[in-house]
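Peer 1: Below, each chain spelled out in residue letters.
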Amino acid sequence: MADITAGAGRGAEDIRDAYMAMTRRKRMYGGIILAIFVVLMVSGFRLADGRNAGGFWDGITNIFQFPSEVVAEAAENAANLPGLMWKFLPSLIETLNIAAASTLIGAMAAVVLSLLSTRGLARWPRLVGLFRRIMDIMRAIPEIVIALVLIFILGGGPVPAMIAIAFHTAGALGKLFSEVNENASLQPVEGLHSVGANWTQRMWLGVIPQVAPNYLSYGLLRFEINIRASAILGFVGSGGIGYDLKNAFSWGQGRYDEVAAIFILLFLSIVFFDQLSSHYRNKLIGRA
Amino acid sequence: MATTDIGAADRRAGVEALFARKRLLSFGLPGLILAYFVYVFFAFDIPGLAERARMDNAAILVSDAYSYKTHVTRDNRTGGITVAVEGEAKGTYPEGMTPDWLEMTGADSARVALPGGHQARIDGETSVFTVPGYGEVSLTASRRGIDMQLPTEEVPDWISASSSRVTVTTEAGRMIVTKARTEVYRYSFGWELFWFTLDSPFYGKSLGELAALAVSSDRLVEGQSNIAAMVSDVWTNKMWRHGDVLWALFETMLMAFLGTMGAALVALPLAFLAAKNFTSFASIRFGVRRVFDFVRGVDGLIWTIILSRAFGPGPLTGALAILITDSGSFGKLFSEALENVDDKQIEGVRSTGAKPMQRYRFGVIPQIMPVLLSQILYYLESNTRSATVIGAIVGGGIGLLLTQAIITQKDWEEVSYYIVLIVLMVILMDTISGWIRRRVIKGSDGGH
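Protein chains in written order, with this note's numbering: chain B, 1 to 288; chain Y, 1001 to 1448.
Since the hints were derived computationally from the structure, they do not count as laboratory data.
Please read all numbers here as calculations on a predicted model, not as lab measurements.
Ideal placement from N, C-alpha and C gives every residue a C-beta, glycine not left out.
Take these hints with a grain of salt, some might be off.
Partner residues are not named here, just some residues of chain B that face chain Y (Cβ under 7 Å, in silico) [as the list claims (entries may be wrong)]: (1) 29; (2) 62; (3) 67; (4) 72.
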């Protein structure tokens, strides 16, 4: 009896010691990781600060200078703003069209790529890995790279941006879609197979109806991201509102009312589509 | 009996309505998308694109990406022949050094062997281009103009001739004669002078020779071991600027890292203020959430422009632009994660007498850490790509180098080099973040 309690006591002590040692080790690792992180952040900040043309502490004091100039000029010419916004509306529509067309094209390519790279659904099961790598590479190439090269060949305009964004979208959505596909039930596919449906029919009638709501939800999210991307690509040379912003911006002072008008347009449309897409996404996910 | 009939009729009507709706959807939706594409087709002026497209540019781009040309130039005013890679000063062969396909037959004459039996001879003002199966094209530059002698009556379409300029273009090479100078272009496969430039003592050595030099003790460069001299010659290569390029790549990653981590650090405390279960004042919650929405709505592009005005070009500006934009997104995501935490753990910690900070540290953070980390890592990956674009706008990192190389419209081999490096950088970041995600998130799942 005494033996047992003594043994149990020692066992408990062992467990406690082991636990305390583990906790200490965990704390130490946590502390080391935290210290490394802090060192990285601080040294990274100092390095970036050193390689920047203007220093952080100088810049932080006049961070509001440019916005206040823009606001002041916009307020001066407040009566012009609606007219200017009307003037830039076609470019905004172009930017939105780039985003919408590239999302649609990218999503259609992504559907095919994702089906080809999902185990159990793939047309050529041996090539699943190949299609996955293709999507990885499509995702890895930044849009600006493709856009700039295409601008050289095709000239400025919306098409290079559209192709660049669609290419990236196909890779990005393809990965998300194939994760959705993996959760799809195979029973409808088998049912269709048993009545002699070919691969396209099995996918179109057996898989797509199951996954369409999730596809749509991801597609809407991507559309939102692509609006931002197409505005940025405009700034580096292809059409749309970004290009107008760059021009208005390079005119310098005196044209900041145009900058303000574009800022407002861009802000409003991004917020609008953000709200719209999150509303529909909530609905789709709720229903699914 | 009658009631079941009505029920069946109702059901039948319902099914028919459902089918009609589905039919409409399955034909209407593709139709709608098609109609939209037709609209876009004309809105983007795709029919006119075929005219505007510069396929010759595409050909230059592709051939330049894997080959380079060496210019053999004779100055027709002062005499004298120079040989330079891509015609650039930093690629000029020093006196007494020539590539092996060039034979200097005199002070003012040279013979260039071109692939496929083609040959170009420069002999003072006169130069002769030999094309197998056609004959010799003889061109003489003088003050009055260019005199051309052809074996045939007709001028073939691969020669473009005017009184002041004659260009002979063949697959093997190219000769351009003007009053000012005679130039022969010879194309070679590969990226020129990628490791060592012509002024380096290591230029033109094979891998074996280099390895032998690396371990040998006689020094080619005074006061430096051979390995150090090699590394420094590659690092400071004037043609490719490897050192600057790697710095730029590092700057881009730095932008992404500082921006993402900074955004997470800013967003985390604010997210507590925006979460329902941590902040009971609805007005504060509302205010903080609108701040998040505003920061997200003012796009990264606008933040980048505003910040580059205040901070000037450089990596810090890019990092701050990422920081501000993403703190909005993080704030939203984190506050949603916080609203989903389990209260029981917090109560458990509270029951031991923990103060609020301790409750957050031991009751909340461990619960949201996996979500937080995976979001942060996901943004880090995507920001590595964004940092390239932002770098192009603010003027920092690899994005700047890429836009500069593309604007010159001739250094396509550099463009392809940068593209390869960017893709490798993105893949590297994806791999690192995937590794951390697997380690940390799995580890913390096991720990709790």
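Peer 1: Check the structure against each numbered hint from earlier and tell me which ones fail, lowest number first.
Peer 2: Of the numbered hints given earlier, those the structure breaks are 1 and 4, listed in rising order.
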